[in-house]
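A.B. asks: Take a look at the letters that make up each chain.
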Amino acid sequence: MGTDDIIKIENLNFSYSNSETGESTEVLKNINLNVRRGEFVAVLGHNGSGKSTLAKLMNAILTPTSGRVLADGIDTSDESRLFDIRSRVGMVFQNPDNQLVTTIVEEDVAFAPENMGVPPAEIRKRVDYALKTVGMYEFRRSAPHHLSGGQKQRVAIAGVLAMMPDVIVLDEPTAMLDPSGRREIMDTVSRLNRDEGMTVILITHYMDEAVRADRVVVISDGEIVRDAPPREVFSRVDELKKIGLDVPQSTELAYLLSKDGFDIKTDVLNADECTSEIERLLMQTGK
Amino acid sequence: MITDITIGQFFPAESIIHRLDPRTKILLVLAYVVVVFFVKSFVGYIILALFVIGCCAMARVPVKFILKGLKPVMFFIVITALFNLFLTSGGVILFHWWIFTITDEGLRFAVFMVLRLLFLIMGTSLLTLTTSPILLTDGMERLLRPLGRIGVPAHEISMMMTIALRFIPTLLEETDKIIKAQSARGADFDSGNLIRRAKAMVPILIPLFISSFRRADELATAMECRCYRGGENRTSLNKLEYGRRDAYAWLIFAVFTAAVFTTNFLFAF
Amino acid sequence: MLKLEDVSYVYQKGSPFEKEALKNVNITVEDGEFVGLIGHTGSGKSTLIQLFNGLLKPSSGRVLIDGVDIGTLKSLRDVRFKVGLVMQYPEYQLFEETVYKDIAFGPRNMGLSEEETDRRVRFAASMVGLSEAALDKSPFEMSGGQKRRAAIAGILAMEPKILVLDEPTAGLDPSGRDEILFKIKDMHARTGATVILVTHSMEDVARLAERIIVMNKGALAMDGSVREVFSRGAELEKMGLAVPQVTKITDNLRERVPSVKRGIFTVREAEREIAAALREGEVNR
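Chains as they are written, first to last, in my numbering: chain A, 196 to 482; chain B, 157 to 425; chain C, 963 to 1247.
Mixed in with the good hints there might be a few duds.
To be verified - Straight-line distance between alpha carbons at most 30 Å, and here's what the computed DSS-like set of lysine-lysine pairs gives: (1) K1109(C) / K355(B); (2) K333(B) / K1179(C); (3) K975(C) / K227(B); (4) K1145(C) / K333(B); (5) K224(A) / K251(A); (6) K1063(C) / K1036(C); (7) K1044(C) / K1099(C); (8) K355(B) / K1036(C); (9) K1099(C) / K965(C); (10) K1063(C) / K1123(C); (11) K355(B) / K1123(C).
Calculated directly from the structure, the hints in this document are not laboratory data.
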């Protein structure tokens, strides 16, 4: 048990082959990526960049065409260990409606531990823990269709937490939510990482979500084009825009001002940081 | 509207009937259905009525609520009654006009049939009204489990029921959205003859099918990711346990059954 | 012209689940305007747009289109053709074998001739940037972004005088989002149709609309030009709506440099204002 890297991806290639024409389409090329225990990694890329495929390779929904993926040291191509992999690498998907199985919240959270054969008393403990962690305990007897999108998605996260996984992979968990739902989920995810020490891999195309991570991996056309802390990634405004991604307005503003010849730091990520940089400049100029 | 139907709906309340083991309730309802078919006199029906009303009171479900649930099936009941009324031969002719003949036998049959159907529906809806869907499927699964040896997929059946119950509200909502979206494109669902109307359903049904398949596919993946592998070695959050109250329930039911059969001997009418 | 007079809407009236979704809303939208409609989930904006084309009928008040109260009309179909509504995730309404046939569904329901239908289908397709080749494809073989465009074309082909779009960019990535918004802007400029864009994104509205209507708790909270609305940043945040980051930055700076303009919402404009303030400081030194 327990290497330091919970996910290890080595020289991974993945291609889909069309069963009718026999043509194969290369989706991921030469991916090397390690995720350490306790890390919060964001995988940023536009639609069709291959980022969701990468997520599915992490818990053996898909297996590599070549190269290998190790989840907690287990090769995902080893079919006999499938359930060990799945219970260690929890997966949350985009549409909250399509991942809740039962008609009562707590029953749904219990679904995975039930499948794993966990004894009833232990299931009860896990369900309560998971629901409290995502802040949905008071809704434990509710029916999913009476909940908001953000609430449903939090239940989905609880359902994965109840497996007591080593890492949670979230595949665009906020794409179908409104701003308040997105905030709910991002706060939950940040808290999970910070307070519970959960390793988090967040697949997204929203830059404002990626800025919360320790590390941002940018994928474009199936290849990793950058792997660095958010400050470093987002200060390369031109590069990101070229591959169809956004940068925070604050970062873009600082970038434009520096191009105008002002001596401003360009690795600011939010309005407050940007404001204090500009204020610093104003002080220098005597205002 | 679809939401008016109370059959199959759960009526959340705290009552002794709600707390009964779902297996007890399922078996009792099955036994009750059999007994209803053995009632042969009006006195028997009076006992039946008292029993059902008594159960409602214990379950804290208003009788009015159950009666409201009968509305959608009233048409069916009336048709059955009319068939029995006119097509039963034998007995004294009470009324005759053109091809319609009513005999006292027919009248008796028709009334009995209506009562029988009413009590069947009232009794069985009491089961779903007092048992949450999840407990109901749990109970079914446990009851069917011994049949697993002869190839009855007990776990799969109950899983299918759970998923169906979970997705009915989602799909109703989706249907509503699609109807609105197509109406916004000028789709007309209310005019024309039967064939035209059936054709008008296509723009609703196709998107609904496609989205259902997509949902099914995504759900299957999500279930696999949560270590689902069928019923093998599966445990359950809620343990089902027979209690003292289940024994009492059977006892009361036995008394009721005995009463019904006694009336069959004592009263011819 | 679209006009709402004192409109209220109550869901499930008379039942214990009764819920007032809209109260006494008054809105007038002139022909050719580009209006952004914002508010968070539950603010009543989804109910509002369903009143525009008669999918819902107001519990009280009147909805007038070109001066006609649509509540008095026998058939609402003509209203649907006049007020085109693109619902959220509209790709789920696609059902035909080919994109062409699907886009033609609306025009055919209008009873237009084959030539006119053909013209409209091709025009609508070009408007959203779908190629001729795409028209013969099955909509179910296309990518998410293309499906979305085909679905929007299905409404455009009815050539509505008023086009209402509910979150047309939901779930798309930044480049997909920009493309759709650009096409809508372009369509507005070319056809002169009225556009009402419902969105959560302040940045999107700021880039496109001339006027913003803000809904909050079922009531009209603000109605004014983009600059007017964004200069009330604190109020917007109280309603749970995030103002653009540059609006926040320039608001913060105004405390120190009062000359910085109010209601700034684009990065370029913020850059100009701040650069000017910084240079002025240099001159003063």
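A.B. asks: Is the straight-line distance between the alpha-carbon of K333(B) and that of K1179(C) 30 Å or less?
C.D. replies: Holds, at roughly 23 Å.
A.B. asks: Are K224(A) and K251(A) close enough, with their CA atoms no more than 30 Å apart?
C.D. replies: Answer holds: K224(A) to K251(A) is near 15 Å, not above 30 Å.
A.B. asks: Is the Cα-Cα distance between K355(B) and K1123(C) 30 Å or less?
C.D. replies: 29 Å, holds
A.B. asks: Given the hinted pair K1063(C) and K1036(C), is their Cα-Cα distance within 30 Å?
C.D. replies: It holds: about 29 Å lies between the C-alpha atoms, which stays within 30 Å.
A.B. asks: Measure nothing beyond the straight line between the CA atoms of K1145(C) and K333(B); if it is 30 Å or shorter, mark the hint as holding.
C.D. replies: 25 Å, holds
A.B. asks: For K1109(C) and K355(B), compute the direct alpha-carbon distance and say whether it is at most 30 Å.
C.D. replies: The given pair, whose Cα atoms are some 24 Å apart, holds under the 30 Å limit.
A.B. asks: Take a quick look at whether K1099(C) and K965(C) sit within 30 Å of each other, Cα to Cα.
C.D. replies: 40 Å, violated
A.B. asks: Measure nothing beyond the straight line between the CA atoms of K355(B) and K1036(C); if it is 30 Å or shorter, mark the hint as holding.
C.D. replies: Holds, at about 23 Å.
A.B. asks: Mind checking the alpha carbons of K1044(C) and K1099(C) for me, to see if they're no more than 30 Å apart?
C.D. replies: Cα-Cα ~28 Å, so holds.
A.B. asks: Can you confirm whether the C-alpha distance between K1063(C) and K1123(C) stays at or below 30 Å?
C.D. replies: 22 Å, holds
A.B. asks: Can the restraint linking K975(C) and K227(B) be considered satisfied, given a maximum Cα separation of 30 Å?
C.D. replies: Judged against 30 Å, a Cα distance of about 21 Å means the pair holds.
Comparing the model with each numbered hint stated earlier shows that hint 9 is the single one that does not hold.
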